Amino acid sequence: MQVMNKKKVLKGICFVLIFGILFFFFQKLLQAKWIASDSENSASTSAWIEYRSLEENSLDVLFLGTSHSYFGVDPMYIYDRTGITGYVFGGPGLRMDLTYMNLEDALKTQTPSIVFLDMSSIQFDFQQEEAKCHKVLDQLPMTSSKLEYAFNTESEEMKPLDVLFPFFRYHSRWSDLGKNDFKYVLNDLDDTYIRGHYITYQSKETEFHFYEDVDYVLTERNLDYIKRMKRLCDEKGIQLIFYKIPTPTWYESQSEGAKEIAEMLDVPWLELFYEVDEIGLDVKADFRDKNNHLNQRGAEKLSAYLAEYIQEHYDLEDQRPTNKKWNEDLIRYKKLVELKIPK
Amino acid sequence: MAITSVHFLIFLCITFCVFYCCPVKYRWVALLVSSIYFYVMAGAVSFLPFIVLTSGVIWICARIIGRLYEEQDEKLKGSDLGRAEKKAIKEQYKKRAKRVLMLALVCCVGILCVTKFTRYAVRYLNLIAEAANGSAPFSAEWILVPLGISYYTFSTVGYILDVYWKRYTYEPEFLRFFLYAIYFPHIVQGPISRYNLLGQELKKELRFDSRRIVFGMELMLWGFFKKLVIADRLNIFVSAVYNGEEHAGSIYLVAMLFDAFQIYTDFSGYTDIVRGASQIFGVELEQNFNHPFFAKTVPEYWRRWHMTLGGWFKDYVYYPCTISHFMKRINKRTKKTLSERGGRFVTVVIPVFVTWVLTGLWHGTGKTYLAWGIYYSTLITISVAFQPEFEKVTKFLKIRTDTFSWQLFRMLRTFCCFMGGRLLTSPGGLRRTLMVIKNILLHLQAWCLTDGTLFTYGLDWPQLVLIAGSVLLLWGVSMLQERASVRELLEEQNIVFRWAVIFAAIFSILIFGIYGLGYDAAAFIYAQY
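Here the protein sequences line up with chains A and B, keeping their order. This note's numbering applies: residue 1 is where the first sequence begins, and numbers increase by one. This note's numbering applies: residue 1001 is where the second sequence begins, and numbers increase by one.
Since the hints were derived computationally from the structure, they do not count as laboratory data. Careful, some of the hints might be misleading.
Partner residues aside, some chain B positions facing chain A, computed with beta carbon under 7 Å [stated by the list, open to error]: (1) 1342; (2) 1511; (3) 1516.
Dumping the calculated DMTMM-like pairs for lysine to aspartate or glutamate here, alpha-carbon to alpha-carbon at most 25 Å [stated by the list, open to error]: (4) A:6 to B:1492; (5) A:11 to B:1070; (6) A:8 to B:1130; (7) A:159 to A:220.
Computed from a predicted structure; not experimentally measured. Just so it is clear, CB atoms sit at the ideal spot from N, CA and C, and this is done for glycine as well.
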């Protein structure tokens, strides 16, 4: 009788295990993917694949924030000028909670010396479009922060189960599966070497001034996640720096708010909104669109400014003479940029 | 809490744990509590008094009737009364029992009628008032239609009639009876269970049996497949066609075909889910479907489709109507005035029409369901009353009736009759039905099936291929089921094959099922009745 029961229990365990394996296989196959080769916007899936392929603890700097970050910061350009290795993790309209989750996971394999946090995210305390959230969430493993996010979501659309298991959200993609979906399951996607950046030479003239001001109040949630990021960085001995990529989608009161938080948490604050001239940004040529994202020309200028800032304030080793991988990637990267330059 | 929701699965898991943790003696109590919880969650707390009232009235009245019969038996037993006296006592008690029965019927069927027909009546009253005064003074918004009212009223009414007809004795415990009425697997959409079957099932010792539990889960999987993969996918097309503007006749023909499969997979899928869920707890629910699309005649079709409803009407409406004094008088009179056959014809027609018009009204109020009832009454009457003529024609045309082709023809003919019935109700009104018929006859536009128009109703070609594959699978499984129990066949196979089938079923549902964001999982069609 006991042998029978043991057999049944063993069978049950095997059944659950096989179910789990199949479930995660199909989840990986079916979940939406933002791949560099077919993405017109940020390729978060490729960004995470590239990030996880980096050698452990090989990064000097990490840039976090919204879409302004991945448009505005070019880590390869910084590396080319200074030999400082960096990576940018941004997401469209990313809220502080999702930014925190990005940082939390990014620090599992890397311990950079500096983390730059773009304060644009303090503008957002509303639920972003579902796809934007999935762009970040689907790349992250199951953590307590993810669980917290899943069960606290205010969106009508986003159900906890969909957040935790994108299978349920994307099961209907079975008729749209393409080559990249299968390659992703087999870990066979073409590797990228853009370090989370997005290269574009699209251009749109913009006017550079603060928006008409609003009464800005920092929400408790945003403050809470900023504090969590500070705590996390402190625990790992990482220097956290708040900065604001120069874009006119910014209010004076928000700038003041960001400064207050920086002072409160004793974090350096780089308000680059006022440094447009010093950076050398040309409002006629260096912006990409009406949302005032920087294009490649603008990104290079900003990255040069940031590189100089880092070199001036921190003593980071120039890795160019020894880092074979980054040097090889840099050559490929330069060719890619070359290709993108409008003829 | 929809049957296809995650909430239901969680509810089922919790109920499962609580149920099997309880001592065997009290397991029925666990079922009662979880059934009440399910009823409140699936409907509303405000629905609860209705089911309590109906089952309370029926239980009390059945108990009174039962006691009256006991008293009568007591009086008759051992006494040296004459035949006439015994007859008088019996008549006296029968009269008293009948009065109690009528009270119960008026009360419970009254609640059913008020909840189901008031809105319809108010609409007509408002139309009349509008024509007279220009305003619609009545409102029926306050009327509640409790979840599963048609199902539990029929189940409980069947019970009291059986007690009245002495088919079995009354249930002495109210809570046991209430569990029979509110038992969660059958409360929303049936099957309409008989007390002598379900009541007894719920009374037996409900012990853990892993084989039965596995069988139950497998049946649920099959039900989920039918509902989520086939029915809800077909619903996308059918809704788009019937809810939209006018379409080509060829598109309507496809919609008619899809609609037939949709309602079958929807309702039989639901039945499989709830029967499977019930099996997990050791309670066998009655079969409600027996592959109706294999039926060769319309009456046979209705013996295979929604069998518990058909059985209910047969036992509690058709037979009592056939053997009533009124029908006997009519039979005698028509035999005299017409002929032997004419008399028989009338005695067939009247009960059939009464039964089918009532069946139509059970499904819904309004002209469409009345027309639906008349449609089936006519078909059944023709097929029964003119059977000799049909046989003569078949003989005259020298048709070999023992061939596969003839049987296939009969199945297709029955299927077309069923589609005709659906055509009366699905398009959403008799006017639209006429419009559909007109377009099929006058604007067929067959090219719509090949020029890509077919794909503009929410289903692209991979989805249509999936539907075709699923329907083929459904047909294959149905053929197997006609011969043997598929679950037993599966049980005999090696574990690798068995598990491969089970995992294929699970992941087919998870991947191809219509659920989640972007899909409004269609409510079960029969839940509205």
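Now the hints, each set against the structure:
Checking residue 1342 of chain B against chain A: minimum C-beta separation of about 60 Å lies over 7 Å; hint violated. A cut of 7 Å between beta carbons decides the hint on residue 1511 of chain B: the least distance to chain A is about 5 Å, and the hint holds. For residue 1516 of chain B, the suggested interface contact is upheld, since its CB lies about 5 Å from the closest CB of chain A, less than 7 Å. This hinted pair checks out: residue 6 of chain A and residue 1492 of chain B have alpha carbons roughly 21 Å apart, not beyond 25 Å.
Only pairs whose Cα atoms come within 25 Å are accepted, and residue 11 of chain A paired with residue 1070 of chain B is rejected, the gap being roughly 55 Å. A hinted pair counts as satisfied when its Cα atoms are at most 25 Å apart, and residue 8 of chain A with residue 1130 of chain B does not qualify at roughly 70 Å. The straight-line distance between the Cα atoms of residue 159 of chain A and residue 220 of chain A is roughly 23 Å, inside the 25 Å bound, and the hint therefore holds.
When the structure is compared with the earlier hints, violations turn up for hints 1, 5, 6 and for no others.
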